[in-house]
Structures are given as C-alpha cells and as structure tokens.
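Undergrad: In order, the protein sequence lines correspond to chains A and D.
Sequential numbering from 41 applies to the first sequence in our numbering.
Sequential numbering from 41 applies to the second sequence in our numbering.
Note that these hints are calculated values from the structure, not bench results.
Note that this is a predicted model, so its numbers are computed, not measured.
Here a beta-carbon is modelled for each residue, glycine too, at the ideal position from N, C-alpha and C.
A few of these clues could be false.
Unchecked claim - Quick list of simulated restraints, FRET-style, between CB atoms:
{"hint": "1", "chain 1": "D", "residue 1": "Val125", "chain 2": "A", "residue 2": "Val58", "range": "20 to 28 Å"}
{"hint": "2", "chain 1": "A", "residue 1": "Arg124", "chain 2": "D", "residue 2": "Asp127", "range": "27 to 35 Å"}
{"hint": "3", "chain 1": "A", "residue 1": "Ala106", "chain 2": "D", "residue 2": "Asn82", "range": "35 to 43 Å"}
{"hint": "4", "chain 1": "D", "residue 1": "Arg85", "chain 2": "A", "residue 2": "Arg110", "range": "24 to 32 Å"}
{"hint": "5", "chain 1": "A", "residue 1": "Ser53", "chain 2": "D", "residue 2": "Asn82", "range": "32 to 40 Å"}
{"hint": "6", "chain 1": "D", "residue 1": "Val178", "chain 2": "A", "residue 2": "Ser45", "range": "18 to 26 Å"}
{"hint": "7", "chain 1": "A", "residue 1": "Cys177", "chain 2": "D", "residue 2": "Val178", "range": "22 to 30 Å"}
What the hints assert, rightly or not - Just some of the chain A residues that point at chain D, by a computed CB distance under 10 Å:
{"hint": "8", "residue": "Arg49"}
{"hint": "9", "residue": "Ala75"}
{"hint": "10", "residue": "Phe88"}
{"hint": "11", "residue": "Tyr97"}
{"hint": "12", "residue": "Pro114"}
{"hint": "13", "residue": "Gly116"}
{"hint": "14", "residue": "Ala139"}
{"hint": "15", "residue": "Met173"}
There are 2 protein chains.
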Amino acid sequence: MPTTSDLERLVRSADLRVTRPRIAVLSAVHEHPHADTDAIINVVRESFGDVSHQAVYDVLRALTAAGLIRRIQPSGSVSRYEARVDDNHHHVVCRSCGAIADVDCAVGETPCLTASNAHGFSIDEAEVIYWGMCPACV
Amino acid sequence: MPTTSDLERLVRSADLRVTRPRIAVLSAVHEHPHADTDAIINVVRESFGDVSHQAVYDVLRALTAAGLIRRIQPSGSVSRYEARVDDNHHHVVCRSCGAIADVDCAVGETPCLTASNAHGFSIDEAEVIYWGMCPACV
DNA sequence: GGTTGTTTTTTGATTGATTCAAGTTTATGA
DNA sequence: TCATAAACTTGAATCAATCAAAAAACAACC
Numbered sequence: 041m042p043t044t045s046d047l048e049r050l051v052r053s054a055d056l057r058v059t060r061p062r063i064a065v066l067s068a069v070h071e072h073p074h075a076d077t078d079a080i081i082n083v084v085r086e087s088f089g090d091v092s093h094q095a096v097y098d099v100l101r102a103l104t105a106a107g108l109i110r111r112i113q114p115s116g117s118v119s120r121y122e123a124r125v126d127d128n129h130h131h132v133v134c135r136s137c138g139a140i141a142d143v144d145c146a147v148g149e150t151p152c153l154t155a156s157n158a159h160g161f162s163i164d165e166a167e168v169i170y171w172g173m174c175p176a177c178v
Numbered sequence: 041m042p043t044t045s046d047l048e049r050l051v052r053s054a055d056l057r058v059t060r061p062r063i064a065v066l067s068a069v070h071e072h073p074h075a076d077t078d079a080i081i082n083v084v085r086e087s088f089g090d091v092s093h094q095a096v097y098d099v100l101r102a103l104t105a106a107g108l109i110r111r112i113q114p115s116g117s118v119s120r121y122e123a124r125v126d127d128n129h130h131h132v133v134c135r136s137c138g139a140i141a142d143v144d145c146a147v148g149e150t151p152c153l154t155a156s157n158a159h160g161f162s163i164d165e166a167e168v169i170y171w172g173m174c175p176a177c178v
C-alpha cells in the first residue's frame with residue numbers, strides 16, 4: 041500500500057494540486073478496490089473528517105482524467121473505482137451479489153484487440169467483463 | 041425484418057402474452073438496433089399511438105428476461121437494446137459520439153471465456169466492449 | 001511576507017433515467 | 001362467456017450524478 045508521500049508524488053506528477061481530499065480519496069481507492077462513490081465518501085470521512093460529496097465526485101473525476109485511477113461501470117451497478125491502471129486486467133462480476141474480482145487477461149497482452157470487423161472504427165481498448173457467480177453465491 | 045406474425049410467434053414461444061405494446065416494442069428494437077429506452081418510446085408512439093413510458097420499461101424488462109432482446113450498457117451510456125441474441129457478438133463504441141456497431145468475435149466461438157484466474161467464480165459469459173473512434177469522429 | 005489570480009471545495013439545488021405503488025384494463029384458457 | 005392472472009396506466013418517488021455560485025485554499029510572483 042503506498043504511503044502518503046507516494047500518493048502526493050503521484051498526484052503532483054499528474055500536474056494536479058496536492059490537497060487533503062485528493063490524497064484521502066486516492067488512498068481510499070487504493071485501499072478499497074472496486075468501491076463505489078458512496079463507499080469512498082464514507083471511508084474518506086472516517087479517515088479524516090468532513091468532505092462534501094461534491095468534492096469527492098470532483099476528485100474522482102480529476103483522478104480518472106489524469107489516469108491515476110480507473111472507473112468501471114458494469115451493467116446494473118453504479119460507478120466504481122480502482123487504482124490498478126495500465127496493466128490490462130479485466131473483471132469478473134457476480135450476477136447475484138455484484139462482487140467484483142480482478143482477472144488477468146487470458147489471451148496475452150492485448151486480448152481480443154483485433155476485432156474481426158471494426159466497421160472503420162479505430163479501436164484503442166478492449167474492455168472485458170466476465171459474468172458469473174462468485175464462490176459465496178454458489 | 042420479421043413480420044408482425046413472426047414477432048407474435050416469438051413472444052408466444054417465450055410464454056409471454058401477446059399484446060400490442062409488446063409487439064410494437066419488439067418491432068422497434070428489431071428496426072433500431074442499439075436504441076435507448078427513450079428512442080424506443082418515441083418509435084413506438086409514432087408507429088402505433090399512446091403507450092406509457094412505464095409500459096415500455098416493463099416490456100423491455102420482460103423481453104430481456106425472456107431472452108428475446110439483449111440489454112447493453114456501455115459506461116456513460118443509458119440502457120440500450122438489440123434483437124441479436126445468442127450469436128456471441130460484441131460491440132465497438134465511439135468515445136466521442138457514443139455510436140455503437142456490432143463486431144463479430146475475433147477469437148472464435150467463446151472469446152476470452154477461459155479467464156486465467158477466475159478466483160473461484162463460475163463464469164458463463166464474457167462481454168467485450170471495444171472502445172475507439174468511429175469513422176465520422178475521425 | 002503580502003498580494004493576486006487560479007484552482008479547489010463547500011453549500012444547496014436540480015436533473016433525468018429508472019423504479020415503486022395502486023388501481024384499471026386486457027388476454028387467455030376453461 | 002367468464003374468471004383470473006398478467007399487463008397497462010397514472011402519478012409519484014428514488015437516487016446517482018451534475019450544475020451553479022460563493023467561499024476558501026493554493027501557487028507563484030512581486
């Protein structure tokens with residue numbers, strides 16, 4: 041788990057100002073992968089006090105735009121965030137309880153990126169979501 | 041494009057009652073692949089008159105549960121529906137304008153279905169979304 | 001160290017897709 | 001034709017997310 045100064049360096053390296061809400065949110069995302077916005081708000085408020093929900097929304101958007109975190113939105117779920125970026129992994133989602141786990145790519149570095157017929161689209165990312173049941177839901 | 045009686049047979053074969061709203065919605069989804077709920081409501085109202093938005097929501101859910109249509113929700117988009125089911129195709133989405141096109145699977149019949157580490161999940165579907173830019177958005 | 005201009009946060013309201021609830025109508029099978 | 005469960009209508013509610021304006025904090029320069 042990165043230290044506070046690690047996080048500060050990360051934020052600074054993305055040309056973003058270093059503020060306590062940003063460090064708190066980034067830390068929360070590191071500590072709670074796949075947490076939704078509401079959960080992140082609660083974690084941040086517990087760990088360091090009052091923050092407006094609007095600030096958390098803004099910070100999440102700023103960090104996402106800067107590429108420090110990644111936003112995922114499986115069907116039927118609200119937005120969730122994770123700190124693993126740029127390593128080309130995917131997700132498996134439980135149809136029953138919504139649990140999410142990371143899955144390394146099965147096919148290599150850029151799976152399925154060569155679509156058989158792209159209709160003239162220029163593709164830069166292939167997002168894969170596996171659907172199934174988690175161990176706890178049988 | 042299927043005829044009305046084709047659609048009636050489809051609905052009946054799924055053990056659903058045949059009603060005008062259902063036929064109208066199913067027809068609209070066949071004619072407008074990847075349309076969102078609002079667009080479907082408008083098409084249905086043009087083609088056969090007043091229907092409550094609630095009825096369209098209900099019908100879309102019933103048809104989806106019956107497997108006659110499929111619901112897709114790329115990040116940042118509202119729910120969209122299509123009538124191509126059970127043929128294992130995927131989608132490419134334009135980051136700029138949101139346009140969606142069908143893409144046949146690159147890897148074979150069940151692409152990427154064998155995740156390298158499934159964390160004990162039992163996986164039954166792999167959903168792939170390609171992100172890029174459509175020809176119109178450069 | 002103070003000042004200025006920009007960025008960030010707060011506060012409070014608003015949006016908009018989707019769902020809930022209760023009452024009425026309709027389709028289907030006997 | 002009738003009975004009954006399913007489907008539809010009307011109207012309200014929910015809730016994640018966004019918008020807007022004012023206040024605060026920060027960075028850089030004098």
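Undergrad: Take the hints in turn and mark each one as holding or not.
TA: Hints versus structure:
1. Val125(D) - Val58(A): 20 to 28 Å: violated, 50 Å
2. Arg124(A) - Asp127(D): 27 to 35 Å: Holds: the Cβ-Cβ distance is about 32 Å, inside 27 to 35 Å.
3. Ala106(A) - Asn82(D): 35 to 43 Å: holds, 39 Å
4. Arg85(D) - Arg110(A): 24 to 32 Å: 39 Å Cβ-Cβ, so the 24 to 32 Å window is violated.
5. Ser53(A) - Asn82(D): 32 to 40 Å: 47 Å Cβ-Cβ, so the 32 to 40 Å window is violated.
6. Val178(D) - Ser45(A): 18 to 26 Å: Taking Cβ atoms as reference, valine 178(D) and serine 45(A) lie about 41 Å apart, which means the hint is violated.
7. Cys177(A) - Val178(D): 22 to 30 Å: violated, 44 Å
8. Arg49: Where the cut-off is 10 Å and the nearest Cβ of chain D is about 29 Å from arginine 49(A), the hint is violated.
9. Ala75: Where the cut-off is 10 Å and the nearest Cβ of chain D is about 17 Å from alanine 75(A), the hint is violated.
10. Phe88: violated, 29 Å
11. Tyr97: With a minimum Cβ separation of about 15 Å from chain D (threshold 10 Å), the hint on tyrosine 97(A) is violated.
12. Pro114: holds, 8 Å
13. Gly116: Status holds, d = 8 Å.
14. Ala139: Hint holds; alanine 139(A) Cβ to chain D Cβ min 8 Å, cut 10 Å.
15. Met173: holds, 5 Å
Comparing the model with each numbered hint stated earlier shows that hints 1, 4, 5, 6, 7, 8, 9, 10 and 11 do not hold.
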